[in-house]
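Peer 1: Could you build the full structure based on these sequences and the hints that come with them?
Order-wise, the sequence lines are chains A and G. Take the first sequence: its position 115, counted from the start at 1, is 115 in the working numbering, and no numbers get skipped. Take the second sequence: its position 229, counted from the start at 1, is 229 in the working numbering, and no numbers get skipped.
Treat the hints with care, since some could be wrong.
Lysine-lysine pairs mimicking PhoX-like chemistry, simulated, CA-CA at most 25 Å apart [said to hold, decoys possible]: (1) G:Lys31 to A:Lys225; (2) A:Lys310 to G:Lys445; (3) G:Lys445 to A:Lys225; (4) G:Lys350 to G:Lys360; (5) G:Lys239 to G:Lys200; (6) G:Lys239 to G:Lys225; (7) G:Lys31 to A:Lys200; (8) G:Lys310 to A:Lys310; (9) G:Lys200 to G:Lys310; (10) A:Lys31 to G:Lys360; (11) A:Lys239 to A:Lys200; (12) G:Lys200 to A:Lys31; (13) A:Lys310 to A:Lys200; (14) A:Lys225 to A:Lys350; (15) G:Lys31 to G:Lys225; (16) A:Lys350 to A:Lys360; (17) A:Lys445 to G:Lys360; (18) A:Lys225 to A:Lys239.
Some chain A residues judged to face chain G by a derived CB distance under 8 Å, without partners named [to be verified]: (19) Leu309; (20) Ile321; (21) Ile336; (22) Val367; (23) Ile368.
Please keep in mind that the hints were generated in silico from the structure rather than gathered at the bench. Since this is a predicted model, take the numbers as computed values, not measurements. Glycine residues also receive a C-beta, built at the ideal position from the N, C-alpha and C atoms.
2 protein chains.
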Amino acid sequence: MPQDRQQLLVTSLRRFVRRGANDHVRRLVEKARAEDVAAALSELMYREARSVFELTLIDPVSAAGIVAAYESDLTELIGGLTGEQLVPVFAELAPDDAADILQELDEDLRAAILDGIADEEQEVVEELMQYAEDSAGGIMSPDFFALDKELTAREAIVALQENEDAESAFYVYCVNEEGTLVGVLSLRQLLMRPPHTQLKDMMVSDVISVPVSQDQEDVARIVAKYDLIALPVTDEFNKLVGIITVDDVIDVLRDEATEDMMLMAGVGDEDVALASTIGAVRTRLPWLLAAAGGGLGAAVMIGFFEGELKMRAQLAAFIPIVMGLGGNIGVQASTIVVRGIAMGQLEAGKFLSALWHELKVVAIIAVICSTLVAGLSLTMSGAAVDMAGAVATSLLVVMTLGALLGTAVPMLSHRFGIDPAVATGPILTTAIDLFGVLIYFLIAKAWLGI
Amino acid sequence: MPQDRQQLLVTSLRRFVRRGANDHVRRLVEKARAEDVAAALSELMYREARSVFELTLIDPVSAAGIVAAYESDLTELIGGLTGEQLVPVFAELAPDDAADILQELDEDLRAAILDGIADEEQEVVEELMQYAEDSAGGIMSPDFFALDKELTAREAIVALQENEDAESAFYVYCVNEEGTLVGVLSLRQLLMRPPHTQLKDMMVSDVISVPVSQDQEDVARIVAKYDLIALPVTDEFNKLVGIITVDDVIDVLRDEATEDMMLMAGVGDEDVALASTIGAVRTRLPWLLAAAGGGLGAAVMIGFFEGELKMRAQLAAFIPIVMGLGGNIGVQASTIVVRGIAMGQLEAGKFLSALWHELKVVAIIAVICSTLVAGLSLTMSGAAVDMAGAVATSLLVVMTLGALLGTAVPMLSHRFGIDPAVATGPILTTAIDLFGVLIYFLIAKAWLGI
Numbered sequence: 001m002p003q004d005r006q007q008l009l010v011t012s013l014r015r016f017v018r019r020g021a022n023d024h025v026r027r028l029v030e031k032a033r034a035e036d037v038a039a040a041l042s043e044l045m046y047r048e049a050r051s052v053f054e055l056t057l058i059d060p061v062s063a064a065g066i067v068a069a070y071e072s073d074l075t076e077l078i079g080g081l082t083g084e085q086l087v088p089v090f091a092e093l094a095p096d097d098a099a100d101i102l103q104e105l106d107e108d109l110r111a112a113i114l115d116g117i118a119d120e121e122q123e124v125v126e127e128l129m130q131y132a133e134d135s136a137g138g139i140m141s142p143d144f145f146a147l148d149k150e151l152t153a154r155e156a157i158v159a160l161q162e163n164e165d166a167e168s169a170f171y172v173y174c175v176n177e178e179g180t181l182v183g184v185l186s187l188r189q190l191l192m193r194p195p196h197t198q199l200k201d202m203m204v205s206d207v208i209s210v211p212v213s214q215d216q217e218d219v220a221r222i223v224a225k226y227d228l229i230a231l232p233v234t235d236e237f238n239k240l241v242g243i244i245t246v247d248d249v250i251d252v253l254r255d256e257a258t259e260d261m262m263l264m265a266g267v268g269d270e271d272v273a274l275a276s277t278i279g280a281v282r283t284r285l286p287w288l289l290a291a292a293g294g295g296l297g298a299a300v301m302i303g304f305f306e307g308e309l310k311m312r313a314q315l316a317a318f319i320p321i322v323m324g325l326g327g328n329i330g331v332q333a334s335t336i337v338v339r340g341i342a343m344g345q346l347e348a349g350k351f352l353s354a355l356w357h358e359l360k361v362v363a364i365i366a367v368i369c370s371t372l373v374a375g376l377s378l379t380m381s382g383a384a385v386d387m388a389g390a391v392a393t394s395l396l397v398v399m400t401l402g403a404l405l406g407t408a409v410p411m412l413s414h415r416f417g418i419d420p421a422v423a424t425g426p427i428l429t430t431a432i433d434l435f436g437v438l439i440y441f442l443i444a445k446a447w448l449g450i
Numbered sequence: 001m002p003q004d005r006q007q008l009l010v011t012s013l014r015r016f017v018r019r020g021a022n023d024h025v026r027r028l029v030e031k032a033r034a035e036d037v038a039a040a041l042s043e044l045m046y047r048e049a050r051s052v053f054e055l056t057l058i059d060p061v062s063a064a065g066i067v068a069a070y071e072s073d074l075t076e077l078i079g080g081l082t083g084e085q086l087v088p089v090f091a092e093l094a095p096d097d098a099a100d101i102l103q104e105l106d107e108d109l110r111a112a113i114l115d116g117i118a119d120e121e122q123e124v125v126e127e128l129m130q131y132a133e134d135s136a137g138g139i140m141s142p143d144f145f146a147l148d149k150e151l152t153a154r155e156a157i158v159a160l161q162e163n164e165d166a167e168s169a170f171y172v173y174c175v176n177e178e179g180t181l182v183g184v185l186s187l188r189q190l191l192m193r194p195p196h197t198q199l200k201d202m203m204v205s206d207v208i209s210v211p212v213s214q215d216q217e218d219v220a221r222i223v224a225k226y227d228l229i230a231l232p233v234t235d236e237f238n239k240l241v242g243i244i245t246v247d248d249v250i251d252v253l254r255d256e257a258t259e260d261m262m263l264m265a266g267v268g269d270e271d272v273a274l275a276s277t278i279g280a281v282r283t284r285l286p287w288l289l290a291a292a293g294g295g296l297g298a299a300v301m302i303g304f305f306e307g308e309l310k311m312r313a314q315l316a317a318f319i320p321i322v323m324g325l326g327g328n329i330g331v332q333a334s335t336i337v338v339r340g341i342a343m344g345q346l347e348a349g350k351f352l353s354a355l356w357h358e359l360k361v362v363a364i365i366a367v368i369c370s371t372l373v374a375g376l377s378l379t380m381s382g383a384a385v386d387m388a389g390a391v392a393t394s395l396l397v398v399m400t401l402g403a404l405l406g407t408a409v410p411m412l413s414h415r416f417g418i419d420p421a422v423a424t425g426p427i428l429t430t431a432i433d434l435f436g437v438l439i440y441f442l443i444a445k446a447w448l449g450i
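Peer 2: In structure tokens form, the structure reads like this:
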């Protein structure tokens, strides 16, 4: 829906709710797509959104569609409702969506909803809730379309016509009598062969699948690499237990990319960052405290050179540029490496070649930057020649250090199983603050002969 | 393919190529998936990869599969081959892949290949090459499966069986006699109705589609929002001209996320960043020069306070912490906003509420950080009370400034149509360098009475 029509939906909903024009609200929701209504609700104020949603409860299918598409904090929208109100909605949700959402609700409401839905559904949902949230099991759907490999094409088509749950079936998975995944077919292939052909004679038997425990990032990488629409998930006995469809993978990819950026800047995950004040403070503070630690360390370090500073006060003027350029080139190097690791382009085995590449790059950049800064500081800020020389030499050393640390810290964290996006920021900042200042003053001392 | 099997493929290919065991290479390539071979080639040395690829040319279908799946710089792999060698490969490529790759090749080779492939194919490819690379037209495939809405379900199934190009058809698009897109059906829906039902009586007529000119980021957002497997693309007369499948969108999403991170750190796009030294220098240098400009400005600024520095040399010691914390909180704020904009969660209309949220967060964080720093600098680095007070006050002001700039700069660039990921980094760094120093020294002057 184009942005202006989306905005119109938001303002109309708001107006109707304020007026208490409930029928208008219902009609608007009925006509719009669930995804658009969900997006509109997340732009409304908390109370308005809640009122609109309560009006949609009259049609559980539509309410379930909105819940499934809602991308902001769901507890705000449905957290205050009763189990009785929500049971019909959860009965309409896909079991994997239901399991994900239930885990966010508080315990009483969760129990009330689970008790309310049909026993069979409850069992499926509870089973799904046992898988780790970021594993293949945690994002898979148990609604897949699997048939015995001994069936014929004609029988398969009849089965497809009779199975209501196969709504989003693009592939037919073939299993043997133990339920083991043995092959796959597209719906179109099913139509291409004579009706009496057995599935086992037409299926592709080299199926790409993942175990339930596989990390969701790996799942996303596999789907992206092989251009899959759906990926079957198997248990420890290679029995087919679910499928992951590409739309779930898109969500994973978006989340992971966001997560990496957010972690590198020390802002935790974005829902927290944009939602509650206290939550944002809690996730952002540690990273800033690490930076404060580095800064205090630098202060102590500079304290050792108070005598030199008294003799040449201009020394202080170049502290920001040395630390700024060292820090910036470190951020550049680490961003390349963190993203390269996330995209699967940089493996631990490429550590030395990445370091070597970065060394060549920083050599050129550092020479250009330090020459330029030395030249400009001689002319612009009236620095003496020895001072300009000291600054240029420090820039060469500190920028090289920044680039090498920026490459090494994330590569080494990755090798030791630590998420490079988490570890890199604070370590890098602190290290460059401390060593940068020390190197600068030691080099200046030598150049200026003080 | 698990990592160890992938590694085995790499080492086996390398060993066979070095030994000149060409038959072994061919057999290995034949048995493996094109995506795995492509991934292996990008890990081999340039010459080795080229040798393997030349051996695969004997089977153009397999060579085309490798080319389509190759994610590193393709010009390295095929740039040196002749048009004659490549024509059979390009004849097997999907037209949209062919168009994308041809645009990367040099002009002579491109012309030779275009001349070599069949006229009909050539026309399609040349048409595709006219669309902007990052538009819907640039990523769409012209191979879609569309049928006249007057046909019956039975006729549609026959058409599907006869149409070889519909390999990846998951939906049937319905058009009227002018070729205008009027509806859509899933293959399964086709099977569910009596054979004589006309498509127009079973299709969904409210189809989500995009114009050829639509930006690929919007395309990705639409596919993600509505959980689509394929999105039809229409020309200015609403005529169906192509489809974008979800696997292309996945590539867009991965690229855009990477691009945002890379741009924010000023490292351009990642292929450049990881490949050539000169390319990396060229993309990274501008951002560092902006930082150098900010640093030099700060140096000039500090120069104005040389008298004060001579009297209280300790003033220099706290420059890093004031600038570090101001810069870091600015990066945090801008990362949240840049990503929020990219994910479609922050619209221009939310400017004030985002600023207000950030203000609350920074108020708490700045009070905690400045109290802590003041306390520690009193005890640890032996600062006098007036100095600690000056540092704490500066931190309060500079951190607030950093947070507000970090929020405002990307939001305002977005409103004025500038990519927030590009503009934010340099503006933010320079501004905080300059104003941070100025604010710190002015506050210190007042507190210390010098």
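Peer 1: Compare the structure with each hint and give your call.
Peer 2: Hint check:
no., hint, result
1, G:Lys31 to A:Lys225, "17 Å, holds"
2, A:Lys310 to G:Lys445, "17 Å, holds"
3, G:Lys445 to A:Lys225, "60 Å, violated"
4, G:Lys350 to G:Lys360, "16 Å, holds"
5, G:Lys239 to G:Lys200, "17 Å, holds"
6, G:Lys239 to G:Lys225, "24 Å, holds"
7, G:Lys31 to A:Lys200, "21 Å, holds"
8, G:Lys310 to A:Lys310, "5 Å, holds"
9, G:Lys200 to G:Lys310, "86 Å, violated"
10, A:Lys31 to G:Lys360, "39 Å, violated"
11, A:Lys239 to A:Lys200, "17 Å, holds"
12, G:Lys200 to A:Lys31, "21 Å, holds"
13, A:Lys310 to A:Lys200, "86 Å, violated"
14, A:Lys225 to A:Lys350, "20 Å, holds"
15, G:Lys31 to G:Lys225, "38 Å, violated"
16, A:Lys350 to A:Lys360, "16 Å, holds"
17, A:Lys445 to G:Lys360, "44 Å, violated"
18, A:Lys225 to A:Lys239, "24 Å, holds"
19, Leu309, "4 Å, holds"
20, Ile321, "3 Å, holds"
21, Ile336, "5 Å, holds"
22, Val367, "10 Å, violated"
23, Ile368, "7 Å, holds"
In this structure, the earlier hints numbered 3, 9, 10, 13, 15, 17, 22 are contradicted, and the remaining ones agree with it.
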